[in-house]
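Visitor: Given these sequences and hints, build the entire structure.
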Amino acid sequence: MPQIFTASADTRLRTGMLLVALVFAGCLLFLGGFMDATYATLVGWVRDQPVPFSHAHHVGALGIDCRYCHTSVEVSAEAGLPPTHVCMTCHSEIWTGAPMLAPVRQSLATGTPIAWRRVARLPDYVYFNHSIHISRGVPCVTCHGRVDRMPLLARAEPFQMRWCLACHRDPASHLRPRDQVTRMDWSEWDRHPERHADFGRRMMARYHIEPAKLIDCSTCHR
Amino acid sequence: MDMDREARTPPHIDRRSLLRAMAASLALASAAGRRARADERALPYVNAPEFVVPGKPKWYATAVGFSGCAQPVLGKTYVGRPVKLEGNADHPLTGGATDVFMQAALLGLYDPARSQAPQLLGQAATWAAFDAAVAGRRLTLEARQGEGLRLLTGAVSSPTLLRQISDLLRRWPKARWHVSEPLSDANRQQAAQTVFGRRLDQLLRLDEANVVVSLDDDFLGAGPRQAPYAHRWSKRRLAWQQGQGASQLHVAESSLTTTGSMADHRLTVSPSRIGLLVAAIAQELGVGPAPAAPLAPTERTWTKQVMEALRASHGSSVVTVGAAHAPDVHAVALLINERLGAHGNTLTFIDPITSVPAPDDENSVAALAGDMNAGRVSTLVMLEVNPAYATPAGLAFRQALEKVEFTLHAGLYVDETARLSHWHVPLQHDLESWTDACSVDGTVCLTQPLIRPFYDVRSLHAVLDRWAGDTRSDHDLVRATWRHAWGSDFDDRWRDSLVRGFVADSAPTPVLPTIANRNVSIKAPTAGALMIDIRPDPTIWDGRFANNAWLQETPKPISKVTWGNVVVVSPRLAAERRISRGDELRLEANGRSITGAAWIAPGQDDKTLTVTLGYGADRTGPLPHGLGYDAFALCNDAGSWVLDGARLGTTGKHLVVASTQLHQEMDGFDFVRRVDRADRPVKKHPEAASFYPERKWDSPSWGMSVDLDLCIGCNACMVACMAENNVPVVGKELVEQGRQMHWLRVDHYFEGDANEPSSSFQPVPCMHCEQAPCEMGCPVNATVHSHDGLNLQVYNRCVGTRTCASYCPYKVRRFNWFENTGDDPEQLRAMRNPDVTVRSRGVMEKCTYCVQRISAARIASQIAGHPIRDGDVVTACQQACPTQAIVFGDVTDRASAVSRRKASPRDYSLLEEANTRPRTTYLARVRADRRPS
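Protein sequences, first through last, are from chains A and B.
Heads up: the first sequence runs through residues 559 to 780, numbered per our numbering.
Heads up: the second sequence runs through residues 2 to 934, numbered per our numbering.
What the hints contain is simulated information worked out from the structure, not anything from laboratory work.
These numbers were taken from a predicted model, which means no experiment stands behind them.
A couple of the hints might just be wrong.
Said to hold, decoys possible - Only pairs whose alpha carbons sit at most 16 Å apart, straight line, appear in this in silico EDC-like list of lysine to aspartate or glutamate:
1) Lys57/B x Glu636/A
2) Lys59/B x Glu636/A
3) Lys608/B x Asp645/B
4) Lys685/B x Asp908/B
5) Lys684/B x Glu914/B
6) Lys57/B x Glu632/A
Claimed, not checked - Covered stretches of chain A, going by a simulated chain B footprint (3 or more residues, C-beta under 8 Å):
7) 630-643
8) 658-672
9) 677-686
10) 765-776
What the hints assert, rightly or not - Sample of chain B residues at the chain A side, in silico, Cβ under 7 Å:
11) Pro45
12) Val54
13) Pro55
14) Ile864
Backbone N, C-alpha and C fix where the C-beta goes; we use that ideal spot for every residue, glycine too.
Guide: Right under this line is the structure:
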């Protein structure tokens, strides 16, 4: 009776198994890296919007406060997007005929909302609340980045759970004076850490912030 | 023991079907993956409505209608979407109490099966065509002073609707208005007519009654009066627990009800004997002749106990008789109550808020059917009624409909009547309409819409207004009523009433009628072999809620049957006839018959078969098909719900009944504990040492206490939980397999003798054990403990091993075996509570103590800069409970309401031998003697 397997069969099997293992490990490595790549986290990726609204112009150049448009940020979980009517408080007076603003005028005329594409988006199972962060003095810039320098808006931070947790585990260094939460430029503050060495700690004591409780799952997931 | 039934049924799987199942689940997995695409559009308002803050709920006071009465509610809305209804705590009658129907009205609003466009002869039509048809019809009617026009409605208490109807009848004097309300207080009103010479509504002041004697009156059971009566009854019982007065309940009934479950002394008795018992009490009190037949020994003992209690509490006791009993029984009960000093104290009278004519009245539905058959009806307008189904078979209403030239049905669904009518037009739900109605004490409730109608529908008022030749909106019509009533005060009172949800101080002053006729007596019972007792269904009433999936899946309080009705027989009768649970029975009476599944229940009279309304295997319409039997098919005429001379047989078939009675069964004993007196300590196991490290609990740390002496098993908590926590409905087949998803179940236990059992209810949410076994079991740390004492379930970590569920001794964890939510239509998605994650397939879930409400309260108090106060967090079940049986709060705060409850000597833990240190604990039921303590 002839041999069923040739002399090289065993080598071929071993090579095959090794290849499968390598491909599997490669996939894992790739996926791990992929989830951190900006392609997945969307950090720095500009999205097409119906109107190319420039935060750099409105915030950076004109100095309009965040809360002029995002009105509910201090009282609600949601910061809120401005109704078309708010855009038109100014744009019924200036740039009234600008082609760029045609969708805004059309929205007002037809009563249909402007369909913005979300930039700072969290999964449905994450319940982020703006009002409590604002009231504790976490400035807008911490999560949304220097929007005053973004002609078109892009995500500034990866919005991954470990990024949220980093702050919830150690909130002290992220706290700022409550009355300056919408301030964009904190370079002066960051350059002289010794002047504010105590600030975060004092705020933690004043607000009874206990990091151990901040990292309960139910803080964000319900 | 695993939680689910599939562990008990041996799997019959061969290799081929296993492979098929694997392929199918792979396909499902990829489908689920595709569905996970996120909605990335953000749509702000064009013009933001004033005071609407995205992410913040807004509350509106309104009401939902039931049997012609208003049930006051507060509606929670997110950017114009109602997501939850709660009781209106300011309402003078209900004080925030709710029932299953109030809670489930929300699903009624969003129901995708609602009728969405007018129909002519079953074909889609337009409102314009309908308006033209009405206009044409009006011309003929105008010429004949409305002759041939008949209006058929349910019971009506709405001042605006009453005004519209009377305007119409004044304009067309030959038209007539008929009322079809299968279950009403007509017999009580008729008794008042006999005794006082005027029709009156009776209201029990259960909060004032130390002794309540119920003769087949399930006043704590489902119905328009359940919430207020349960609320009043619990006030009395709570006061008794504090040592004030007594709280005795004596019940004689043929089938165990929620009221019977709460009774101190209960007698199982045939419905035909109720009259005798009433007569016996009347004789003892000297207000009537001796009963027409001698009492049985058990009946004599019960009557003796009742008499002792009644004599000891003059002026603070009341006797009440079930609405189904004949007017002469009610009339004698009125005389008894007068002698007891109840009139004006524990029993008050008001002019009827709704009026349902007696069967021999010319405005009854029976008279209408007669006129239809005689050809005296040319135009029939049926508003929010379903007479083709919900009328006694003896009236043959379906056949009579064919003799009418023009029939119009206006309703929420394309139901039996809609299908047999020429025209069907869809109506607005109460939660999207302007209307008004009275709650059962006569307080006027204004109903304002929580949302603009999202279908092409009209309000009932607007539809009727077309017949008056006008085109006013419901808003205009309701305002016109009150502008006329209030005159120059209108604007202020209108605004004030909308804010409150009711018109302040609008309840009529109770009248104290004088007895005009004492010459009433009770007819002797006919002694038949077997009787059929027809009752409303505790979750779908007379069938009007049949399309509400929350109510269908809510287990009936006693039998725990879902998605259908059963024929209840006593254990003795079952043994005699060799009937076992689920056997198909054939019931005959009046020469009519039905077939239904047998259900053997303790506490059932041996000669009585109890059946419920609302179902029917051949029901048409959008309703679930093939469920149960139709008890209307047994009835000859309206108002006679007890049928004599019944015959019982079996068909040899066996039917599947989806009952949750034995699902989520716990191993152990002593689930419901009893004590002899409210201040006696309950028997407890000494607390054992734990292997796990003790934790110190910081304030706040949450806990719950459930008083089993107050729980009436009404299920309001269960439906409230479904609404609040986006709990999915799974359907009859999966319930049958033990896969229902209710986070909170209400267990029911029988104890003692099968003929005279004592029974009790036990709501079982997650226990939030301090030493939680589930947490030890989870391989991926998806169930963990929080610092405020909650046992958390992290859905996005859960991989579905179900280890936690098998470790849980209380069996409160629910697994999503299928994608229960992903295929939901748009309407149901709009209904979901945005504060709670919608779970997907393969994920374990359970009661969270309404963690979303805790978070909201925590954030609000942190922003305001004060600690969370007692009462800031009210869980959905606690809010819904009409008897305040559930209390929730911070257990580390010794002054909190929950700590005070837990300090009671009656406090005990479920399965404390498991040493899990549960945060949900119970207060033991108090045995029998409820005399002044």
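Visitor: State the violated hints by number, sorted upward, taking the hints as numbered earlier in the document.
Guide: none
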